[in-house]
Every structure is written in C-alpha cells, then in structure tokens.
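Enquirer: If you count by mature numbering (1 follows the signal peptide of the UniProt record, and there is no 0), then the sequence shown holds residues -23 to -1, 1 to 158, one letter each, in order.
Because the hints were derived from the structure by calculation, they are not lab data. Here the structure is a predicted model, which means the values were calculated and not measured. Among the hints, erroneous ones may be present.
Label-pair restraints from in silico Cβ distances [to be verified]:
1) Asp135 with Lys88: 21 to 27 Å
2) Asp7 with Pro47: 18 to 24 Å
3) Asp44 with Ala77: 34 to 40 Å
4) Tyr65 with Gly38: 36 to 42 Å
5) Asp72 with Thr97: 17 to 23 Å
Positions of the beta carbon are idealized from the N, C-alpha and C atoms, including for glycine.
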Amino acid sequence: MKRVTQLVVAMMFVAVFSEFANAQKLPGLDPSPADIAYFRPDGRESVPVIRVIYGRPQKKGRTMLGDKEPFGKVWRLGANEATEIKLYKDVTFGDKKVSAGTYTLYAIPTKDEWTLIFNTKLDTWGAYSYDESKDVARIKVPTGKTDSEVEAFTIAFDGSGGTGKMALAWENTLVTVPLKY
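Construct all of the structure, not just a fragment, from the sequences and the given hints.
Expert: What follows is the structure, encoded as structure tokens:
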C-alpha cells in the first residue's frame, strides 16, 4: 500500500509539474533588445548626467539607413518604444540648451546630417504619435563614417570636465553630438 501511495504521489507530481511547465511558455528574445546608456563622466560611482533607454535594432544584412529607416522622416531613434532620454541637469547639445527632465528623443536622418529632436510626449511606441508641437529642441549634426560596420544601433557617451559627446552609430554611419553640462 505504501508503494502504491508513493507511485500515485509521483504521478501527481509529474502531472502538476508538466502542466506548470506547459503554462510557462514564454516568448523568445526580442530581436531588438532594450539597452540603457549612461553618461557618468566621473566614473561608475558618480551621479549620472544623462541616461538613455532605447531599442537596439540589428542590421542583419539589410540596408537600414535610407531604406528600412527612410531618410527625411521622423525616426524613433532605435526600435520598439521611442527612445527616452533623462537629463539629470541642464545639458547643452550642440548649441541648444535642454533643461533637466525626461524627453523622447527622435531623429530625422539624412545622408549628410541628422536632426535630433527632444520632445515632451513620453511613453510612445515608434514615431507614429510624434507631435511636433511638443518639441523643446532640435539639433542638426553632420554625419560621419565609422571605422567598421556597426551591426546593432548603438548610443554611447564620452567626456569629462564639463564637455563630452553622445555618439550614435549604425551600419557605417556615425553621428557625434557635442555636449556641455
């Protein structure tokens, strides 16, 4: 009798575990995973100046800039949700001072220059509900070339002593935005 009870309990455990495993099917990884770029000019332990949350689309053998992401149109500057930038203090990008706060960051890419747009409408997916009346700054920046092809769209920062740069890179395009903080 004890053996039968153990067998019944074991079968119930297998049935419950099997049902739990089936109920826990999760979707695969996002092909454009989210990333966060911080600008901490005084090191990892310091208070950040800027934080950017963005989706990192992958090139995957395609032509992205000027094709999949057409030139001359507002782009979410990444994938999925529109890119969000948080300024912990006032920062001057190029020649435009942007007050501390959180913004959606868009771009209008062309072959020779990108227009970066700081917009107050938050929590948007893509650029489908972009509202130009919510823009607080637009900065035009010339494009350059990367040393080698960049597979995943990338945002990175560098700098110290009150100045720096925000780099946007994808494919063979590099956009460097000077900043002061």
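Enquirer: I want to verify a distance hint. Is the separation of the beta carbons of Tyr65 and Gly38 within 36 to 42 Å?
Expert: With a Cβ separation near 38 Å, Tyr65 and Gly38 satisfy 36 to 42 Å, so the hint holds.
Enquirer: Quick check: does the Cβ-Cβ distance between Asp44 and Ala77 fall within 34 to 40 Å?
Expert: holds, 37 Å
Enquirer: Given a hinted range of 21 to 27 Å, is it respected by the beta-carbon distance of Asp135 and Lys88?
Expert: holds, 25 Å
Enquirer: Note whether the CB distance of Asp72 and Thr97 lies within 17 to 23 Å or breaks it.
Expert: Since Asp72 and Thr97 have Cβ atoms about 20 Å apart, the given range 17 to 23 Å holds.
Enquirer: Regarding Asp7 and Pro47, is the given constraint of 18 to 24 Å on their beta-carbon distance met?
Expert: holds, 23 Å
The structure shown violates none of the earlier numbered hints.
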